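Residue numbers (my numbering), protein chains in the order written: chain A, 30 to 370; chain B, 23 to 592.
In short, the hints are calculated from the structure, not lab data. Among the clues, some could well be false.
To be verified - Residues on chain B that point at chain A, a partial pick, calculated with CB under 8 Å:
no., residue
1, Ala64
2, Gly112
3, Lys257
4, Gly263
5, Ala266
6, Arg431
7, Ser457
8, Asn483
9, Ala523
Just so you know, these numbers come straight off a predicted model, no measurement behind them. By construction, the Cβ of each residue, glycine as well, lies at the ideal position given by its N, Cα and C atoms.
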Amino acid sequence: MLNYTIRRLLLAIPTLLFISLIIFLIIALSPGDPTASLPLSVPAEVREQIREALGFNEPIYIRYLLWLKTFVINEPMYYLQDVFGWEYDKSINPRVISWQTRSPVMDTIVQRVPQTLWVVGMSYVVGILIAVPIGIISAYKQYSIFDQIGTFISMVGFSVPTFFTGVLLIVVFSVMIPNDSFFWLPSIYDTTLVVEDWDSFWKQVRQMIMPVFVLSLFNAAQISRYMRASVLDNLRQDYVRTARSKGLSEKIVVLVHVLRNSLIPVITVIALGVPQVFGGAIITEQVFKVNGLGQLLILAIQDGDAPTVQTLTFIFAVLIVLFNLVADVLYGIMDPRIRYD
Amino acid sequence: MRTLKTILLATAASAVALTGAWADGHSKRGKDGELKIIYWQAPSILNPYLSGGTKDLEASSLVIEPLARYNETGAIVPWLAESVPTVENGGVSADLKSITWKLKSGLKWSNGEAVTPEDVIFSWKYCTTEGGGCAQVEKYKDVTSVEKIGDLTVKVTFGVAKPFPYGPFVGAQAPIINAKQFEGCLGAKAQECTTANFNPIGTGPFVVDNFKPNDVIQLSANPNYRDPNKPAFAKVTFKGGGSATDAGRAVMETGEFDYAWNMQLAPDVLAKMAAAGKGTIESGFGTLVERIMVNQTNPSSALGEERGTAKHPHPFLTDIAVRKALSMAIDRALLTEIGYGKAGRPTCNVLPAPTIYASTANDGCMKQDIAGAKKVLDDAGWKVGGDGVRAKDGVKLSMVYQTSTNAVRQDFQALIKQWWKEIGVESELRNIDASVFFGGNVSSPDTFQKFFADVEMYANNFDGTDPEAYMSNWGCSQAPSPANQWQGNNMQRYCSKEYDAMIAKYSTTGDLNERAALAKAMNDMLMQSYTIIPLVDRGRVSARSNKLGGTVMNTWDSELWNAADWFRIK
Chain A
30 MLNYTIRRLL LAIPTLLFIS LIIFLIIALS PGDPTASLPL SVPAEVREQI
80 REALGFNEPI YIRYLLWLKT FVINEPMYYL QDVFGWEYDK SINPRVISWQ
130 TRSPVMDTIV QRVPQTLWVV GMSYVVGILI AVPIGIISAY KQYSIFDQIG
180 TFISMVGFSV PTFFTGVLLI VVFSVMIPND SFFWLPSIYD TTLVVEDWDS
230 FWKQVRQMIM PVFVLSLFNA AQISRYMRAS VLDNLRQDYV RTARSKGLSE
280 KIVVLVHVLR NSLIPVITVI ALGVPQVFGG AIITEQVFKV NGLGQLLILA
330 IQDGDAPTVQ TLTFIFAVLI VLFNLVADVL YGIMDPRIRY D
Chain B
23 MRTLKTILLA TAASAVALTG AWADGHSKRG KDGELKIIYW QAPSILNPYL
73 SGGTKDLEAS SLVIEPLARY NETGAIVPWL AESVPTVENG GVSADLKSIT
123 WKLKSGLKWS NGEAVTPEDV IFSWKYCTTE GGGCAQVEKY KDVTSVEKIG
173 DLTVKVTFGV AKPFPYGPFV GAQAPIINAK QFEGCLGAKA QECTTANFNP
223 IGTGPFVVDN FKPNDVIQLS ANPNYRDPNK PAFAKVTFKG GGSATDAGRA
273 VMETGEFDYA WNMQLAPDVL AKMAAAGKGT IESGFGTLVE RIMVNQTNPS
323 SALGEERGTA KHPHPFLTDI AVRKALSMAI DRALLTEIGY GKAGRPTCNV
373 LPAPTIYAST ANDGCMKQDI AGAKKVLDDA GWKVGGDGVR AKDGVKLSMV
423 YQTSTNAVRQ DFQALIKQWW KEIGVESELR NIDASVFFGG NVSSPDTFQK
473 FFADVEMYAN NFDGTDPEAY MSNWGCSQAP SPANQWQGNN MQRYCSKEYD
523 AMIAKYSTTG DLNERAALAK AMNDMLMQSY TIIPLVDRGR VSARSNKLGG
573 TVMNTWDSEL WNAADWFRIK
């Protein structure tokens, strides 16, 4: 298993290099300009000077190699300078600088990660916690009322877009319910809130309720369908019949034998979904103004901020490659029949 | 009788209480707690020299200030300077080549240090050093030197006579920055000064506590602000992001925020929000005019490298009758109502404001005149063909009409296409993503400068109140062409010797009234050439909570220009 993992990690390096090149080319060759969002009253010569200062006028391959060098060498140097006691000088080894904010892209990303993990990550956890039991019960009592309702809700969760459910919740809980009511929830996420006591914790919970609900509805809908299908598969297997005929109770049959086996494919699905958590939920983050990674990406795209888009998408690519590996390894651990070596 | 007495007493009491609250609100700094502002485009940086974006400019205006700025009427008022220098008071030299500013005495930066002429000089150096990519270089155009004369006085010298010397250090675009803080940030180093760009030391009513790019800014009252009783708010939370709808809702429906900027929303949506009773819409008009440019050169791709250049005049848009008919067929009032509501008003001028520059000579365009337009075309010999499209000598009135992708603009395109169809002009609609259309990428054929279409629609305005640079846009030499890498703002490639002579005269005229008369004449000349068809004068619309007082909508400067005077209505 270890050999397999190392082999895969080594193989990931050329894969990621290739991905970074493709991303870079897509961004660089698509039309767009960092000065496009400036007011028209800014004259052309000034725009040209801005482009020059940003390094936008360099040839494509130089821009790519520069980005690669800053991201792969300079950024780790900056972060590890304390650990290894390196002399880090930002004028010799500049970091990846955003065209929008003229500040290091990674600083902004680091600032955004907690928000995204809190809201999107929490909704993923909540979604899984809801989806697994629903999936089991729906499969065990196939075509029962519970199953029908579960199917209906997951269809709704799956097909109604988050920009609709999000705004619907805002209209109900922020607009229609008066501000001083207990049930009122804020429509705008306060990213400056610091949780330090029960009062601020309660505030944090309240502002997370709506975005987390909207996202977990979507996640739960997806995962519960996988769970249901997987449990159904297993319930029809011979080993289940054997277990029952040996006189094991239904509780043990379902929760020990069936659950363990049917979780194998679902865990793969869950692991593959984790990179999406980091990617943020672009639309939901916009609706509730949770200024996370998704919102950062969309703003960077709108403003033609190539370094930010490049860095973010590349980090997502790294995560996807990594979690694919995690899913494969988990698969091997959970299912003794699968061996990679 | 008793009830009446009670009511009267109650009214009197509440009136006293109210004035009391107002007076209190003004009497102490930081008494009114927190002010919450939402901009649906989040500020990325607080240094306006490195960003031309309105959102960044306005956010920074809470912290850093210019020597003088424009008030809501467009007049220049002294800000950090004691007074506005003019030729009359001796501040501007008689040859119009220098201007002398005197700082208010006792001015302090938020860190307690004194504001000196060195800071003013440094601000000029900062923006004009090579390699810095300063977005406001235009403000410092023709400045040859800025020197200190006395303890509080600086003299700005220009290389040419400047009838309007209020470019440098005037308005939110050209504020004074702290020389010590930005010392190591000149030229290419500007990019490295993240802390300074995010937390500029300023003279304004607020100080940055925490800046999260593209997200939120937390500010608190400046302890060293020049008026000890201001600002009324102790804290400001400046949130960014979302959409105009979300921001409007947060102020007018849920009441979570006090002020929302740039409510570009459909008129009926705004009216519905305002009906919730928590906020009010404020609008003001500046110089932003949505217009159609009429190409005077032939954009046909068959011409290869020479398409869109003066060598090849347009086959039919060079006929003034056609251009006039196109303008007459448009119902500007209807367009305004559908697209902008309170945020727009129909206009017949490309220079609609300030008042002294606004011409009334072209107001005939306000009324749609389809029959008149048809007659103009008939008289000019354009005959309706079998397919309903007019033609003359084998040339058909068939055009490509392009604009940027934007819901309102596409509505406008559809309506105008219909009206033009009625008068026998066929148009094919095209919309191009804004970042490409306005992107100025020389290799793209779809930019508004290249204008490879017959007519195109967009909006433009000018900074401040002096239209000289703006009106000079339509000189012959300003036409974008391959020779100048498609730069310039004379999109329609208008060229008139008479107009060029007026531009030359304008640059040497010093008297304000003469300048105004000249600007009006230039506007009229352009309008009567029908190469620019103005549609709507677009205003700024913002939403204000009913609990926020003191706001004065300003379209000539930052909307937050007088944030020091804002207070809470209790």
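Checked hints:
no., hint, result
1, Ala64, "holds (7 Å)"
2, Gly112, "violated (31 Å)"
3, Lys257, "violated (11 Å)"
4, Gly263, "holds (5 Å)"
5, Ala266, "violated (12 Å)"
6, Arg431, "violated (15 Å)"
7, Ser457, "holds (4 Å)"
8, Asn483, "holds (7 Å)"
9, Ala523, "violated (23 Å)"
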